[in-house]
Structures are given as C-alpha cells and as structure tokens.
Amino acid sequence: MTAPASSSTTPINKQVGFINAFIAATLMGFVGFFARHIDAQGDFIAFSRMMCGGILFFAIIAYKGRLLELKEFKLSPTMVLSGFFMGNCLSAYITATQHTSIANAVFFIYIGPIISTLLAVIFLKESMKLATWFALLAVFIGMMMISGLMSIDSSGLSFGMQFSEKTFFGDMMALYSGVGYGLFLFFGRFRTEVPGDVRAFWNFVFALAGITLLFVFTKPTISQMTSTDWMWWVGIGIVCGFGALGTCTIATRHLKAAEFACVSYWECVVASLFVGLMIYGEPLSSAQMIGGAMIIVGGMSEVLISILGKSFKRPDNVTLKAGSI
2 MTAPASSSTT PINKQVGFIN AFIAATLMGF VGFFARHIDA QGDFIAFSRM
52 MCGGILFFAI IAYKGRLLEL KEFKLSPTMV LSGFFMGNCL SAYITATQHT
102 SIANAVFFIY IGPIISTLLA VIFLKESMKL ATWFALLAVF IGMMMISGLM
152 SIDSSGLSFG MQFSEKTFFG DMMALYSGVG YGLFLFFGRF RTEVPGDVRA
202 FWNFVFALAG ITLLFVFTKP TISQMTSTDW MWWVGIGIVC GFGALGTCTI
252 ATRHLKAAEF ACVSYWECVV ASLFVGLMIY GEPLSSAQMI GGAMIIVGGM
302 SEVLISILGK SFKRPDNVTL KAGSI
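The sequence shown begins at 2 in this note's numbering and counts up by one.
Please keep in mind that the hints were generated in silico from the structure rather than gathered at the bench. Treat the hints with caution; some may be incorrect.
[To be verified] Mimicking DMTMM-like on lysine to aspartate or glutamate, the simulated pairs with C-alpha atoms at most 25 Å apart in a straight line are:
1) 15 / 127
2) 65 / 230
3) 75 / 194
4) 220 / 73
5) 126 / 194
6) 220 / 230
7) 72 / 194
8) 15 / 194
9) 167 / 127
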C-alpha cells in the first residue's frame, strides 16, 4: 500500500473536512431513532443505508454530467476494502446490539476511530501533536461516560463493562464492528485524488456487495414489515446512509485520521442529548453530562488546533476540479 496520493484534482480543505465530519456525526446519532421504528433485522436496515447512498450519489454524479469520472478514476484494493468494511462494520454493530449489551456494543465500535488513528500514524506517517493526543483521550473517555460505561458514585469512578459466555457472540460481533469501522476510516485515507462523491459512490457499491454476501448466512425476512416500516426504512437510508456515510467519506478525504476521530464522537452527544433526552425523555446522569462536555471540548479543541495550525495556514498548491468535493 502507498500513502494517499495528491493531484490537481485533490485540494485538501480542513474546513470542508470538519463541516462534513460534524454533519456525518450528527446524522449518525439518529440511527437509533430510525431503527426503533423498523421491524427488521439489523443487516437489512444497514442494506437500506448502502442502497440509498449508492443510488443518490450516482444520481448526483449523473446530474452533474460526470459519469465518465467513474471510469476515469481506476478502482484500487483500498477503495474496495473501504466500502466493504463500511458495510460490514454497520451490519456487525446492529447484530451486536441484538446479542450483547448496548454499552459493550458502543464501546467496541468506538474503538474504530482509535484504530484508524494508530494505523494512520504507523503506516501513513501522519503526525500527531501532543494536544491532539489529549483531545482524542478526552473524547474517548467522554464516550465511555455518556454511554454509561463509566459512572460516578460515592466511591468515585466505576467501570461497568461486563462479559459472559451468553453474550460471547455479540461481543465478538461488536469487536468486529470496531475493527471494521477503523479499517473503513483507515482505507478511506487512500486515493484522496478521487473526488469525494465518486469515492462515496464506490464505497456504497462495495458496502452493498458485502452486506448482500452476509444475507446468505443471516437470511433476513421482510414479510413482517408494514408500510410504516418501509417508510422508516427508506428514511434511515436517506438520512443515515446517503447523508451520514456520504459526508463521512468526504470528511476522511480532507482530514487526518485523528482529526476525524475527535469529531466523530459528537455522535454520542447527539444520540444521548437530542434523541435520548429531547425525543424520548431519557434523563442524563451527571457522569453522562460530564462525558458530553468532554466530547464537545475535545472535539472543538482539535478543530481549533487544526485550523489555526501551520499546516492549515499553508496555501494549497492545487486547484479544485469543477464539480468535485
């Protein structure tokens, strides 16, 4: 594998990256809200996200008259793997929530950004400032607190993760979801010369192929789904598929792995505050509020570090090709 390439079609814009990362994390936070209204297996729900994303990005590229770019930019193993792991990690995560605790499932999938950061530092030689390490640590601890894995009681902080033989399969699926998420983000750092919408389209295509392959083993059923289920199924595909995963793909093109990781945990705040508290009236504990504050502070500090840093002040030596993202 080689490091991400740079070309005349590939300006790296931190502002575009952070805006798309923030949108992606916000929309991802509504996955649970949509999923609660759909009576279907998790992998079939994930199928909607990949299908809607692929169709809508193809429509956008066609509308812009750029279909030839799908052939102009040759496919590579990293593009295939990025899409494959995107589909597999989401299917594995939803499966995990059905066979182990939500806390365990959340913890494992959110080691994904940490994995992608470490891989990028080792293999892509992406530099990491000390302040970025602290920001990443803050948002990770914040994630554990807001998801209920860490709590505050009379004896101090306590860690509430539990394992058992009964939940072994679910825990392994959760672990795979985290590894898959990390690999999706890591492989997304390659081929940055490809416009974001073109990369997103191929990501959805190969994610769709990976999920379809899983259907051979999971054999999902749809006979129980009502018209309301189908409406929500399409809705999650548009909002949490096309919207969330599409902007996620665009963000990874412009941001280093650590930069994206720090912002990605905003999803936890959205899920707990906007969905859990405001929509379903689920109260937040003091530990969860502290965790949410740590995610906000850690994420925003990384945005400021990157935007005010010397790398951002250096003028781009490339120009943006018309119509690319």
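Any hints this thing doesn't respect? Which numbers, in order?
Hints 2, 4, 9 not satisfied by this model.
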